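Protein chains: 2
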Amino acid sequence: MRLLPCLIAAALLALPAHASTPGSGLDAADIAAAEGLRDRAIQGSQAWALVESLTTEVGPRIAGSPADARAVAWAKAKFEALGFDKVYLEPVTFPVWVRGHERAEVLAPFPQPLVITALGGSVGTPAGGVEAEVVAFADLAALSAAPEGSLKGKIAYISNRMVRFKDGRGYGPAVGARANGAVEAAKKGALAVVIRSIGTSNDRFGHTGTMRYLPEVPRIPAAALSNPDADLLSHMVQRGQPVRLRLDIATETRGDYTSHNVIGEIRGRDLPDEVVTIGGHLDSWDQGTGAIDDGAGVGLTMAAGALIGELERAPRRTVRVIAYANEEQGLYGGKAYAAARAAAGQIPGHQLSAESDFGAGRIYALRAGVDPAAWPVIERIGQVLAPLGIATEATGGSPGPDVGPIVALGAPWAQLAQDGTDYFDYHHTANDTLDKIDPKALDQQVAAYAVLAYLAAETDVDFGAVPVKPAN
Amino acid sequence: MRLLPCLIAAALLALPAHASTPGSGLDAADIAAAEGLRDRAIQGSQAWALVESLTTEVGPRIAGSPADARAVAWAKAKFEALGFDKVYLEPVTFPVWVRGHERAEVLAPFPQPLVITALGGSVGTPAGGVEAEVVAFADLAALSAAPEGSLKGKIAYISNRMVRFKDGRGYGPAVGARANGAVEAAKKGALAVVIRSIGTSNDRFGHTGTMRYLPEVPRIPAAALSNPDADLLSHMVQRGQPVRLRLDIATETRGDYTSHNVIGEIRGRDLPDEVVTIGGHLDSWDQGTGAIDDGAGVGLTMAAGALIGELERAPRRTVRVIAYANEEQGLYGGKAYAAARAAAGQIPGHQLSAESDFGAGRIYALRAGVDPAAWPVIERIGQVLAPLGIATEATGGSPGPDVGPIVALGAPWAQLAQDGTDYFDYHHTANDTLDKIDPKALDQQVAAYAVLAYLAAETDVDFGAVPVKPAN
Chain A
1 MRLLPCLIAA ALLALPAHAS TPGSGLDAAD IAAAEGLRDR AIQGSQAWAL
51 VESLTTEVGP RIAGSPADAR AVAWAKAKFE ALGFDKVYLE PVTFPVWVRG
101 HERAEVLAPF PQPLVITALG GSVGTPAGGV EAEVVAFADL AALSAAPEGS
151 LKGKIAYISN RMVRFKDGRG YGPAVGARAN GAVEAAKKGA LAVVIRSIGT
201 SNDRFGHTGT MRYLPEVPRI PAAALSNPDA DLLSHMVQRG QPVRLRLDIA
251 TETRGDYTSH NVIGEIRGRD LPDEVVTIGG HLDSWDQGTG AIDDGAGVGL
301 TMAAGALIGE LERAPRRTVR VIAYANEEQG LYGGKAYAAA RAAAGQIPGH
351 QLSAESDFGA GRIYALRAGV DPAAWPVIER IGQVLAPLGI ATEATGGSPG
401 PDVGPIVALG APWAQLAQDG TDYFDYHHTA NDTLDKIDPK ALDQQVAAYA
451 VLAYLAAETD VDFGAVPVKP AN
Chain B
1001 MRLLPCLIAA ALLALPAHAS TPGSGLDAAD IAAAEGLRDR AIQGSQAWAL
1051 VESLTTEVGP RIAGSPADAR AVAWAKAKFE ALGFDKVYLE PVTFPVWVRG
1101 HERAEVLAPF PQPLVITALG GSVGTPAGGV EAEVVAFADL AALSAAPEGS
1151 LKGKIAYISN RMVRFKDGRG YGPAVGARAN GAVEAAKKGA LAVVIRSIGT
1201 SNDRFGHTGT MRYLPEVPRI PAAALSNPDA DLLSHMVQRG QPVRLRLDIA
1251 TETRGDYTSH NVIGEIRGRD LPDEVVTIGG HLDSWDQGTG AIDDGAGVGL
1301 TMAAGALIGE LERAPRRTVR VIAYANEEQG LYGGKAYAAA RAAAGQIPGH
1351 QLSAESDFGA GRIYALRAGV DPAAWPVIER IGQVLAPLGI ATEATGGSPG
1401 PDVGPIVALG APWAQLAQDG TDYFDYHHTA NDTLDKIDPK ALDQQVAAYA
1451 VLAYLAAETD VDFGAVPVKP AN
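Chains A and B, in that order, are what the protein sequence lines are. Just so you know, the working numbering puts the end of the first sequence at 472, numbered straight through with nothing missing. Just so you know, the working numbering puts the end of the second sequence at 1472, numbered straight through with nothing missing.
The reader is advised that the hints may include incorrect statements.
Here are a few chain B residues that face chain A, going by a calculated C-beta distance under 7 Å [unchecked claim]:
1) T1056
2) E1057
3) N1202
4) D1231
5) M1236
6) A1430
Label pairs and their in silico Cβ distance ranges [to be verified]:
7) H1101(B) / P111(A): 17 to 23 Å
8) L1107(B) / V237(A): 41 to 47 Å
9) F1165(B) / G389(A): 32 to 38 Å
10) P111(A) / P1109(B): 42 to 48 Å
11) H1101(B) / Q238(A): 48 to 54 Å
12) E393(A) / A1077(B): 57 to 63 Å
Coverage of chain B stretches by chain A, computed from C-beta distances (three or more under 8 Å per stretch; other residues unrestricted) [said to hold, decoys possible]:
13) 1203 to 1212
14) 1406 to 1414
15) 1434 to 1445
These are computed hints drawn from the structure, not numbers from a lab. Please read these numbers as outputs of a predicted model, since none were measured by experiment. We treat Cβ as the ideally placed atom computed from N, Cα and C, and that holds for glycine.
From just these sequences and the hints, can you work out the full model?
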């Protein structure tokens, strides 16, 4: 008994590296091709050069801006230069939000400027700004519990802190303050709301991101203080004297703009109408150059697709790389993509979808939402990924944000989970720049996406589109 | 022979901890008192609370601003509250420089904004800004070697990188670009100069700091790009197409302002006219809250002085804690202090001077510039500091910046060298905020300054003012 585990391990080691797995629909030649893709990517991929090109030649590319159009042209040209079989655009329409200026200062009792940034979608202050006393709340729940009318003529301040985790799970509990702070504060009569940034660094940058209004609640300006400025404001408030703040924010929401999802395909050799998709989102917020969010996702999935395109024999199914439009302001690209597939009756052929939108940290886990009958394929893919430090996990995970809408229509998904320990240090700030990316980590991700996309496209096992749920 | 070192070590260990050292002028009770100061500081000092107070209640305090006056009032009130025997102000006069706005953008071929900050003392651009092609240089020497007139109508860009070292020695070789870039660029006909920030982080902040003009050379605007923006500009320049930049900088230099050195003293019990000084500088740049540069130095030397003031018996000599005015823009406080001592014939009584102005990292070395006959005192002080992880080094070192002027007049100095590995990540940026300070590291520094000041004031050994060198 005591020797048995060793014997099993020895037996496993004795298996040929390219052995197929029953039920995977993959043979030794397929595995060898996937291993070749993996090993070539690890030796050095085109991903970093693509992100360098996007951040240098386009830079910040908030949806609906002139740079959005330049980014679309950039992506189309890159797909073409990389030799994709088919490159095309699909329209994505959304309202345009524009940041103007944003300034904050403490007027009393300790006058000094504060670093803030307007939240995406926020209205501005009246011209000339607002000046009011700050009322502090530990979190959104505390604000929601404030008496009706108690914030009349005040500025609400929510100080909740995001906690750092590898998988980013500190974001969910904290981000409600950003999403709903304005509505909750306005319900109590506040003139404006400021929040501690939903981010993990102590660098003096405000973290932007979307917020929402409700039709029946007055729209008030919403901004994020950098975390050091939130510390500062909290220290002032703790002294017990009234703290008066001045906010001067200009923003504009304009009419609809039509951008595009940019798509490059490697056509499947046997089953071209069955599709495996990988991708990232092409838009960014307006302050950084959108390197980790999400130049990395775009660059590495383009590079992974291009590697597959260089194979002598294309996989059975089509590999589609998608650079989604306007993820940041409401998953517009992912929604438009899913709606177009649904309208064309293409959900059943949509075999497996993955998106990279969690920075540029190394991938540590493969997860998937597929028909259990297709799980042997996921496991076989996981075996090829294992030397990259990637574990296959049978539970948990979720599709990327732009994949969510098509998954909601029944499409299967996979997730290559990344180490996001420092993702929220840079995310949605001016500090999201190229230097934050480790080129070797990017190559590891290209390797993983190339293996995943290739083997999912090479197998003929059906990943199992589930029936579309009726809308409710 | 082989056993001898062990025997010597054993003999040293057998010495009573409070043993006096011949030639130190210190007895066992003095050493015990110093050890008591050290151990109380390590258990928790007032330094962090002082820095928190200064950064929260005053914040950025560029010399000559309304906040400068608030900082002077703050320091005076704190010295008084801490129980110093004598608290007084000495005038320091200097011209006032004020930052207005500062904006930069690439116009072509890849339009996008860049993060810059004007260098201290820089003139602004003409109203509306300047637009010109960038000419890049690897360093100041390369710019200086450019042909006369070759930069006519251009913007010079110097891309040299500061290298990170524990002792900050990467600063000297890099900072010439900041100090002299404008003069060298103007000599060649440039309209403006931009430099890579003289700093070690890859956070998207421009690092400001002083620069100089020469009377015979036209004054052109000078600004620092954040390091990620310098990467970006270099990547654009490397593509070989002309890069057009737009700079729009507003600054103002106003007439003279009189601020103050703020001084608190613990009066010596026997030799009150012999003085040991410690201190930091009270002013900061205008963007951060001046936590590490130099709220830390002010707070920790105040706390160290206050600890000495709490002793039942004051040391023989006077301990003077100095919060210097306007260090940042030209050591005005240190120069005024030295000039006042020289005018009063007080240089010979000026026993030992030290300044903390290198951030809030732990102290790792004691160095000094004293009469060799007084070296046993330094060694004895070093023995009390050793449990703090501080080594006594017989060579090297230099006085703090504000101590330099009085040292130039012959006064002896000591240095408590700090770990500055990350100092230039934050120095002269908006990111110089309270959260960058480890309170426990600050306590270690308070312990070291308290021991140094107390024992240097308790001994009657003369540290040996050297004759004033004739000016040349």
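Evaluated hints:
no. : hint                           : verdict
1   : T1056                          : 5 Å, holds
2   : E1057                          : 5 Å, holds
3   : N1202                          : 4 Å, holds
4   : D1231                          : 6 Å, holds
5   : M1236                          : 6 Å, holds
6   : A1430                          : 5 Å, holds
7   : H1101(B) / P111(A): 17 to 23 Å : 19 Å, holds
8   : L1107(B) / V237(A): 41 to 47 Å : 44 Å, holds
9   : F1165(B) / G389(A): 32 to 38 Å : 33 Å, holds
10  : P111(A) / P1109(B): 42 to 48 Å : 43 Å, holds
11  : H1101(B) / Q238(A): 48 to 54 Å : 33 Å, violated
12  : E393(A) / A1077(B): 57 to 63 Å : 60 Å, holds
13  : 1203 to 1212                   : holds (count 3)
14  : 1406 to 1414                   : violated (count 0)
15  : 1434 to 1445                   : holds (count 3)
Consistency with the previously given hints fails for numbers 11, 14, ordered from lowest to highest.
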